[in-house]
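There are 2 protein chains.
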Amino acid sequence: MSLVVAIGPSSFAEKDPTPLRLLEDAGIRIKPNPFGRRLTEPEIIAHLAGVDGLIAGLEPLNRTVLESAHPRLKALARVGIGVANVDFDAAADFGVTVSSTPDGPVDAVAEMTLTALLTLARQLFPTNAALHRGEWVKSIGLGLRGATVLLIGYGRIGRRTGELLQAFGAQVLVCDPAVREDALPEGIRAVTLREGLGQADAISLHASGEDCILAAPEFKQMKPGTLLLNGARGGLVEESALLEALDSGIVAGTWFDAFWEEPYHGILTDYEQALLTPHVGTYTTQCRLQMESEAVKNLMRDLGLQET
Amino acid sequence: MSLVVAIGPSSFAEKDPTPLRLLEDAGIRIKPNPFGRRLTEPEIIAHLAGVDGLIAGLEPLNRTVLESAHPRLKALARVGIGVANVDFDAAADFGVTVSSTPDGPVDAVAEMTLTALLTLARQLFPTNAALHRGEWVKSIGLGLRGATVLLIGYGRIGRRTGELLQAFGAQVLVCDPAVREDALPEGIRAVTLREGLGQADAISLHASGEDCILAAPEFKQMKPGTLLLNGARGGLVEESALLEALDSGIVAGTWFDAFWEEPYHGILTDYEQALLTPHVGTYTTQCRLQMESEAVKNLMRDLGLQET
Numbered sequence: 109m110s111l112v113v114a115i116g117p118s119s120f121a122e123k124d125p126t127p128l129r130l131l132e133d134a135g136i137r138i139k140p141n142p143f144g145r146r147l148t149e150p151e152i153i154a155h156l157a158g159v160d161g162l163i164a165g166l167e168p169l170n171r172t173v174l175e176s177a178h179p180r181l182k183a184l185a186r187v188g189i190g191v192a193n194v195d196f197d198a199a200a201d202f203g204v205t206v207s208s209t210p211d212g213p214v215d216a217v218a219e220m221t222l223t224a225l226l227t228l229a230r231q232l233f234p235t236n237a238a239l240h241r242g243e244w245v246k247s248i249g250l251g252l253r254g255a256t257v258l259l260i261g262y263g264r265i266g267r268r269t270g271e272l273l274q275a276f277g278a279q280v281l282v283c284d285p286a287v288r289e290d291a292l293p294e295g296i297r298a299v300t301l302r303e304g305l306g307q308a309d310a311i312s313l314h315a316s317g318e319d320c321i322l323a324a325p326e327f328k329q330m331k332p333g334t335l336l337l338n339g340a341r342g343g344l345v346e347e348s349a350l351l352e353a354l355d356s357g358i359v360a361g362t363w364f365d366a367f368w369e370e371p372y373h374g375i376l377t378d379y380e381q382a383l384l385t386p387h388v389g390t391y392t393t394q395c396r397l398q399m400e401s402e403a404v405k406n407l408m409r410d411l412g413l414q415e416t
Numbered sequence: 109m110s111l112v113v114a115i116g117p118s119s120f121a122e123k124d125p126t127p128l129r130l131l132e133d134a135g136i137r138i139k140p141n142p143f144g145r146r147l148t149e150p151e152i153i154a155h156l157a158g159v160d161g162l163i164a165g166l167e168p169l170n171r172t173v174l175e176s177a178h179p180r181l182k183a184l185a186r187v188g189i190g191v192a193n194v195d196f197d198a199a200a201d202f203g204v205t206v207s208s209t210p211d212g213p214v215d216a217v218a219e220m221t222l223t224a225l226l227t228l229a230r231q232l233f234p235t236n237a238a239l240h241r242g243e244w245v246k247s248i249g250l251g252l253r254g255a256t257v258l259l260i261g262y263g264r265i266g267r268r269t270g271e272l273l274q275a276f277g278a279q280v281l282v283c284d285p286a287v288r289e290d291a292l293p294e295g296i297r298a299v300t301l302r303e304g305l306g307q308a309d310a311i312s313l314h315a316s317g318e319d320c321i322l323a324a325p326e327f328k329q330m331k332p333g334t335l336l337l338n339g340a341r342g343g344l345v346e347e348s349a350l351l352e353a354l355d356s357g358i359v360a361g362t363w364f365d366a367f368w369e370e371p372y373h374g375i376l377t378d379y380e381q382a383l384l385t386p387h388v389g390t391y392t393t394q395c396r397l398q399m400e401s402e403a404v405k406n407l408m409r410d411l412g413l414q415e416t
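As they're listed, the protein sequences go chains U and S.
Just remember that the working numbering sits 108 ahead of the position in the first sequence, which is counted from 1.
Just remember that the working numbering sits 108 ahead of the position in the second sequence, which is counted from 1.
Careful: at least some of the hints might be erroneous.
As the list claims (entries may be wrong) - Computed cross-link-like contacts, DSS-like style, restricted to lysine-lysine with a CA-CA straight-line distance of at most 25 Å:
1) K182/S x K405/S
2) K246/U x K123/S
3) K123/S x K139/S
4) K139/S x K123/U
5) K139/U x K405/U
6) K331/S x K123/S
7) K139/U x K123/U
8) K123/U x K331/S
9) K123/S x K331/U
10) K139/S x K182/S
To be verified - Sample of chain U residues facing chain S (criterion: CB under 7 Å; computed from the structure):
11) I136
12) I138
13) S208
14) E219
15) A237
16) Q381
17) T392
18) L397
19) S401
What the hints assert, rightly or not - Partial list, derived from the structure: chain S residues whose beta carbon lies under 8 Å from chain U:
20) V245
21) L252
22) Y391
These are computed hints drawn from the structure, not numbers from a lab.
Backbone N, C-alpha and C fix where the C-beta goes; we use that ideal spot for every residue, glycine too.
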């Protein structure tokens, strides 16, 4: 009897069939996502019937779901980093191995952070909109060479963002309690949050954890005209304090890709100086392919198959 | 009698008074631009009366103008690269030394090129506009890691653009008849125009000269969905062929910062997939300051003063 693998994410192999081929070439039978959207609890329970492994998205993988799939389900491989949708205790109890793809999103999110920073620094949106209206209005922006950028959080994505910033000649500061000064690359300096906020032309959030890092007192320590980038998590910033800082000009421009609730329809959408994207930091062809291929390889390993 | 220097560019020292101070500290008397805009021929003739040196912008510096300023005018220092507004034969005849600042714009223009490429690759404009309208629509963009980018022209700005692209992990191809294969940095490959056009995900123009490089036959050699970046000169591209390529999808997105005539009010402004900026490639605080300081130092040297 051949192994059966169910697919969770509706976008899996949408742009490039390579990851699906890897499974098929190993003789695995594939159960595609039948709804073309994220599955609900009853739907994923039905989807996991008679299945050995799951390529997982963000569908609920709680105790009820995992118990219903027991004893056949042996492995689930998340396409992406976050595994907050998985009950790890239940997975252990029912003998399900869980994997994720933490390296996949690094380039895509770091590139998106630079995209947003450059766009805000060069005032690309208002300038382009004006020219499309027939108005030829020049304004002077901020270059990255010599600009000071504070990274709050210095994990995989923070490090890659720092590398790219250094390639542009920016001065990079890092605030991360887990990072030792002597572990930083040459030219990157560790600072306290207070020091960093007072010096930065731009601040980029790459922290994990659930705490709010930037609230009213922190915005007061920033220089007027600061750019604030958030591709990490909405909750790292207090929304009302941000709005006040935008109104007062302390924050001249901001990018949010992650919000307090999603889909986001809040008051930031009224601010022209807010660049807003719908949690697409990882949405590049290369990143999707890399994460999907990595998840397939993880799943095959955890189902006891040779990697091809 | 102290030396007198006239200022041409209306924006000179607008954001940072340092370059003006350099002149003042040398005991030079300054004649500011009296109109706050580019001077016409009669205006620059009047402006140059009794002047030893000119900090030059794009005002006409033809034979009539230089003759009228003779014999007192000894030097003119252009803030920027282009000196098409200067009659060099007349300058030689009237003993006027001409200088420019070719290194100043390099970072600013290369950064702007990356800004435009990333913005188009990640579909930032339509995505941001949708979210501001309340629509949460995800789409998958192009990452730079592993993407193929063709640089047409490999002078100062092309080289710096190539360096930045390599930092992102892009595959860089160069088409420039003046460049020898073995003079290229590791990982960058010289190609013919035909080879390059057929392989590139994005094409960036950095060529000098007056010829049109991309016309209908060249667009036919591109891959569908190509991104085209032009921060160099409008005339490098045939406008009608570009419009056809946008209509057919051969070109998925394009950036123009330099146009066939300026200010530009042409048909490209009707295309949403065209990112348009009003010739502001060099408009960063850092670049303006660097070019202005360099021009002041050039002028003081050519007037026989010590650099401070």
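Okay, the hints, checked on the actual structure:
A hinted pair counts as satisfied when its Cα atoms are at most 25 Å apart, and K182/S with K405/S qualifies at roughly 15 Å. With a C-alpha separation of about 14 Å, the suggested pairing of K246/U with K123/S holds against the 25 Å cut-off. For a cut-off of 25 Å, the pair hint linking K123/S to K139/S stands: about 18 Å separates their Cα positions. About 62 Å separates the Cα atoms of K139/S and K123/U, which puts this hinted pair outside 25 Å; it is violated.
Restraint check for K139/U and K405/U: satisfied, since their Cα atoms lie roughly 17 Å apart, inside the 25 Å limit. With a C-alpha separation of about 43 Å, the suggested pair K331/S and K123/S falls outside the 25 Å cut-off, and the hint is violated. Taking the CA atoms of K139/U and K123/U, the gap is about 18 Å. The hint holds against a cut of 25 Å. The suggested pairing of K123/U with K331/S holds, with an alpha-carbon distance near 17 Å, which does not exceed 25 Å.
The hinted pair formed by K123/S and K331/U meets the criterion: a straight-line CA distance of about 17 Å does not exceed 25 Å. A C-alpha spacing of about 16 Å is found between K139/S and K182/S, which places the hinted pair at or below 25 Å, so the restraint holds. Nearest Cβ of chain S to the Cβ of I136/U: about 25 Å, over the 7 Å cut. The hint is violated. Given hint, I138/U at the interface with chain S, is violated; its Cβ is 21 Å from that chain's nearest Cβ, farther than 7 Å.
Hint status for S208/U: violated, given a least beta-carbon distance of 20 Å to chain S, over 7 Å. At its closest, the beta carbon of E219/U sits 6 Å from a beta carbon of chain S; the interface hint therefore holds under the 7 Å criterion. Annotation: A237/U was flagged as interfacial toward chain S, and the flag is violated, the nearest CB pair being 9 Å apart, outside 7 Å. With a cut of 7 Å, the hint placing Q381/U at the interface with chain S is violated, because the nearest CB-to-CB distance is about 11 Å.
Taking 7 Å as the C-beta contact cut-off toward chain S, the hint placing T392/U at the interface holds, the least distance being around 3 Å. Nearest Cβ of chain S to the Cβ of L397/U: about 10 Å, over the 7 Å cut. The hint is violated. For the restraint placing S401/U at the interface with chain S, the shortest Cβ-Cβ distance is roughly 13 Å, beyond the 7 Å limit, so the hint is violated. The criterion of a C-beta within 8 Å of any C-beta in chain U is met by V245/S, whose closest approach is roughly 6 Å, and the hint holds.
Interface hint at L252/S: satisfied, since its Cβ lies 6 Å from the closest Cβ of chain U, which is below the 8 Å cut-off. The interface hint given for Y391/S is met, as the beta carbon of that residue sits about 5 Å from the closest beta carbon of chain U, less than 8 Å.
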